[in-house]
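Asker: In case you want the letters, here they are:
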Amino acid sequence: DVKVTQSSRYLVKRTGEKVFLECVQDMDHENMFWYRQDPGLGLRLIYFSYDVKMKEKGDIPEGYSVSREKKERFSLILESASTNQTSMYLCASRHGGGGQETQYFGPGTRLLVL
Amino acid sequence: DQQVKQNSPSLSVQEGRISILNCDYTNSMFDYFLWYKKYPAEGPTFLISISSIKDKNEDGRFTVFLNKSAKHLSLHIVPSQPGDSAVYFCAASGNGANNLFFGTGTRLTVIP
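The listed protein sequences derive, respectively, from chains A and B.
First residue of the first sequence? That's 1 in the numbering used here, and the numbers climb one at a time after it.
First residue of the second sequence? That's 1 in the numbering used here, and the numbers climb one at a time after it.
No lab work stands behind these hints: they were computed from the structure.
Worth double-checking, as some hints may not be accurate.
Said to hold, decoys possible - With a cut-off of at most 20 Å between alpha-carbon atoms, the simulated SDA-like pairs for lysine to any residue come out as follows:
#1 B:K5 - A:D59
#2 B:K5 - A:K3
#3 A:K3 - B:K37
#4 B:K56 - A:T102
#5 A:K3 - B:G94
#6 B:K5 - A:R44
#7 A:K3 - B:E42
#8 A:K53 - B:A97
#9 B:K37 - A:R9
#10 B:K37 - A:L41
#11 A:K18 - A:S67
#12 B:K5 - A:K70
#13 B:K37 - A:M88
#14 A:K57 - B:G94
#15 A:K55 - B:N95
#16 A:K3 - B:F46
#17 A:K55 - B:K5
#18 A:K70 - B:N98
#19 B:K37 - A:K70
#20 B:K5 - A:P39
Unchecked claim - A few chain B residues that don't get close to chain A, going by computed Cβ distances all over 12 Å:
#21 Q6
#22 E15
#23 N67
#24 K71
#25 V78
From the three backbone atoms N, C-alpha and C, an ideal C-beta is built for every residue, glycine too.
Between the sequences and the hints, there should be enough to build the whole structure, so can you do that?
Answerer: As structure tokens, then:
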């Protein structure tokens, strides 16, 4: 079974803090993704990575950065957290090759920025 | 601009009846479509998919139908069970792209 784990289930941070969200997958997948889920907006892609040290912007990258130093780990960084970044953050991974491969999701991190 | 749309935010169905969840897309380059199911406080889990070369794919109680000319797909659940109550997301990809485009989700409630 594919396992995608996220470092925290719930997180409360203050405006202006630097926030790290960690994601680890155990299936040697090439591709990893960060999404945020908001009511009425579905899942929106923030960043994805198709290889170590490689990254691509998704639909809403502003205010975020990412790091992929090892194949199994993909970190999402909020450089200076703001209240509009309060959301559910979902990490996913997928075998490479594009096209018809399933993405496997972690349980999510619910972030509250005060 | 939302390329994948789920126009019904919620749906309620009696146990044992059919649930039909709809999804529309705008990008004609999409060639692979998926449905994910999400329970509260959990990540989405893959449910069923369909390639654009097919118009139907069935897996147990779940069937996905694709109408390419209408850029429309639907998920049928028969018979619906209370455990099917969840948010269902439609997703699409195309042109060998790595990422998926998700709809906004439909919350299905199956009433016992």
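Asker: Now tell me if each hint is right for this structure.
Answerer: Consistency of the hints with the structure:
1. B:K5 - A:D59: Holds, at about 16 Å.
2. B:K5 - A:K3: Status violated; Cα separation ~29 Å.
3. A:K3 - B:K37: It holds: about 17 Å lies between the C-alpha atoms, which stays within 20 Å.
4. B:K56 - A:T102: holds, 18 Å
5. A:K3 - B:G94: violated, 25 Å
6. B:K5 - A:R44: Holds: K5 (chain B) and R44 (chain A) sit about 13 Å apart, inside 20 Å.
7. A:K3 - B:E42: holds, 13 Å
8. A:K53 - B:A97: holds, 19 Å
9. B:K37 - A:R9: Given pair K37 (chain B), R9 (chain A) holds - Cα atoms ~19 Å apart, limit 20 Å.
10. B:K37 - A:L41: holds, 16 Å
11. A:K18 - A:S67: Status holds; Cα separation ~14 Å.
12. B:K5 - A:K70: violated, 35 Å
13. B:K37 - A:M88: Roughly 16 Å separates the two Cα atoms, so the pair holds.
14. A:K57 - B:G94: holds, 17 Å
15. A:K55 - B:N95: Given that 20 Å is the threshold and the Cα spacing comes to 19 Å, the pair holds.
16. A:K3 - B:F46: Holds, at about 13 Å.
17. A:K55 - B:K5: Violated, because 27 Å separates the two Cα atoms, which is more than 20 Å.
18. A:K70 - B:N98: holds, 19 Å
19. B:K37 - A:K70: violated, 29 Å
20. B:K5 - A:P39: holds, 14 Å
21. Q6: violated, 8 Å
22. E15: holds, 26 Å
23. N67: Its Cβ never comes within 12 Å of chain A, the nearest being 19 Å, so this holds.
24. K71: holds, 17 Å
25. V78: holds, 23 Å
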